Amino acid sequence: MMIEQAKMQSLADRMVQDDVKGRSPWADARKRFFRNKAAIVGLPLLVLVVLFALFGEFFAVWSNEELDFAVMGQVAQMGAPSIENGHYFGTDDLGRDLFSRTVQGTQISMMVGVVGAAIAMIVGTLYGAAAGFIGGRVDQIMMRLVDILMSIPYMFVLILMLVMFGRSIGMLFLGIGMISWLEMSRIVRGQTLSLKNREFIEAARATGVPGWKIITRHIVPNLLGVVAVYATLLVPLMILTESFISFLGLGIQEPLTSLGALISEGADTITYGTIWQLAFPLFFFVITLFAFFFIGDGLRDALDPKDR
Amino acid sequence: MFAYVMRRLAVAIPTLLLLIIISYILMHFAPGGPFSKDREVPAAVLANLNAKYGLDDPLWKQIWDYLYGIVVHFDFGPSFVYPDLTVNQLIAKGFPVTLTYGILSFLLAVLVGVMLGVTAAIWHNSWLDYLAVGISIGAQVLPNFVMAPILLLIFTLWYRLLPGGGWSFSDPTFWIMPIIALATSYMASITRITRSSMLEVLGSNHIRTARAKGMPERRVILRHALKPAMLPVISYLGPVFVSMITGSVVIDMFFSTGGIGKSFVDSALNRDYAVMMGVTILLGTLTILFNLLVDILYVWIDPKIRY
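If you read the sequences in order, they're chains A and B. Residues in the first sequence are numbered consecutively from 0, following numbering that gives the first Met the number 0. Residues in the second sequence are numbered consecutively from 0, following numbering that gives the first Met the number 0.
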C-alpha cells in the first residue's frame, strides 16, 4: 500500500509538472479526481458491480425462479455454494439459485438508486432554479414549503403511502423521489442566486429570452457540476432507503427482489446456519455503497479543492 | 432570543398540523377501510362500525374531531383492530423501550463519533487518524438493518454471549446489541464531520494566535477549537435523530424489543390506521421538537448568527 501511494504521488506530480500550459478547470478537476486514492478504488469497484449486474445472468446455470428440488428442504446441508451443481452462491431456503437472485437484486437496487437520484435531480433542480430565479416572495414561499416538508419524518409517510396505495415499484419510486429532491432544491437555489446576476443572464434577458428558457438553457447547464456530484452521492442513499423499505417487507415484491430484500431473507434464515444467504447479498450491497460513496466524495473534492 | 424561539414555534406548529392532516387524508382515501376483512362484512354491520368510530362524518368533521381529541385530551382514539386497546395504551407500552435504547444509542453515536473525530484531527495523518478514518468508512456502509444480523450472528449464534432478542429494563445485556446496531452508521458520519470541521478550525487564524501566545495545546483545543468545530456536527444532529427514530423500526423487528416501531409495523400490516397515525404523529412531533431544540442550540453556540 505504501509503495502504491508513493508511485501515485510521483506520477501525479509529474503530470502537474508536464502541464505548464493553461489548463481548463475540468482538466484540473479530472487530475485531482484521479489523484484521490479512494476514488481510484471506487471506480473499478463500480465497474465490477455494473458488469455483474448486466452480464451476471449469462453465467448463471439456474434462473432466478427455478426451484432446485434436489436441494429443497435440506438447504443447510446441500444448498451451500458449490461449482458442481451450478449454485455458485448457494441457494435460498426455497432452493432458488442465489447467484441469479443476487444478480437480479443488484440490477434492481442499482435501478432504484439511479432512478430515484434522477427524479430527485430533475425535480430538485427545476424547483430550486425556479425559486432562485424568480426570487422575491415566490422564492420565500417555495423555500418555506421545502423547510416544512423537510421536517416531516418522511420514512413514516412513505411507509404509510406504501401500505395504503399498495406496494408497487411505481409507488416506491414516487415515494423515494419525493423524499430526496428537497435537499437538492436548496443547494440548487443557492447556486442560482449567485448565477442570476451574472452578465450572460443579463444578456439573455436583454435579448428577450423568456424566463423558463433562461432557466433551462442558461442556468441549469451551469449547475451541472454541483448537481452531478450531489446525484452521485444520492444514489447510495436511495439504495439504502430502498433496502430499508424492502427489509421491512414493504418494498420490492416477489418474484422480483432487491439487495435489501435478499439481506432481509438472509437475516431471517441466519439461525439455520445458511450464512451464504446473508453473506453474498451483503457483500454486493457493501461494495456498491462503497463505490458510490468513494466516487461521489472524489468528485466533490475534485471539483471543490478547498473543501478537503 | 425569545423572539427567535417564538418564530420557530410559529413554523413548527403548522408543520405538525400539516402532518396530521396529510396523514388523515391519506388514510381516508386509501382503498379498503380498516374493516374490510377477507370475509365480507354485512353492510349494516359495516355502517354500525363506521358510525361507532365516526367514519361516516364528513371528512372535515372527522379531522376536526381527531385534532380536538389529540390537542385537548391527548387522546389518539381507539385501535381499529384491537377494540379493547386504545392507541395511547399501545404507545405507552412501547415508547419507554424505544426511548431507552434510542437515547443511549444517540449518546453513543455522538460521544464516540465526536471523540474519534477530534482525535483524528488532532493527530492528523498519524496512525490514530488512519484508524479513525478507517473505522468510520467501514461503519458508514453498515446501516442498522445490516449491523443487526451481523451482531446477532457473532454474539448470539457463534459466541453465545448476549441474548438474541427480547427486552428487560433490569438486565442491560438485552440493551447492548440494539444500541450498537442503531448507533454504528451515525457514529461514522459524525466522526467524518467532526474530523473535517476540526481540521478546518485547527488551521484557522485564531488558533494560530492562541498557540503563538503560548497557550497550552490542551487549552487551545478545549477552549478555542472545540466550540466552533461543533457547529456542523450540531446541525447534523437533527437528521441523525430522524433516521434513528426510523431505524428503531428495524431494531424492534429484529431484536423483538417490543418498542414503538413494532406497533407501527404491525399496524401497517394489519391496516390499523389509527395506530399507524398515532405513531406517525407522535414521532413527527418528537422530530419537529428536536429540530427546534437543535436550531436553538445552534444559535446559542454560534455568535455570528443573528436572529
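Treat the hints as calculated values from the structure; they're not laboratory data. One thing to keep in mind: the hints can contain errors.
Chain A stretches covered by chain B per the calculated footprint, using a threshold of three residues with CB under 8 Å from any CB of chain B [unchecked claim]:
1) 125-131
2) 157-163
3) 259-271
4) 287-299
Model, not experiment: these values are computed from the prediction. We treat Cβ as the ideally placed atom computed from N, Cα and C, and that holds for glycine.
Evaluation of the provided hints:
no.: 1; hint: 125-131; in the structure: violated (count 0)
no.: 2; hint: 157-163; in the structure: holds (count 5)
no.: 3; hint: 259-271; in the structure: holds (count 7)
no.: 4; hint: 287-299; in the structure: holds (count 3)
In this structure, only the earlier hint numbered 1 is contradicted, and the remaining ones agree with it.
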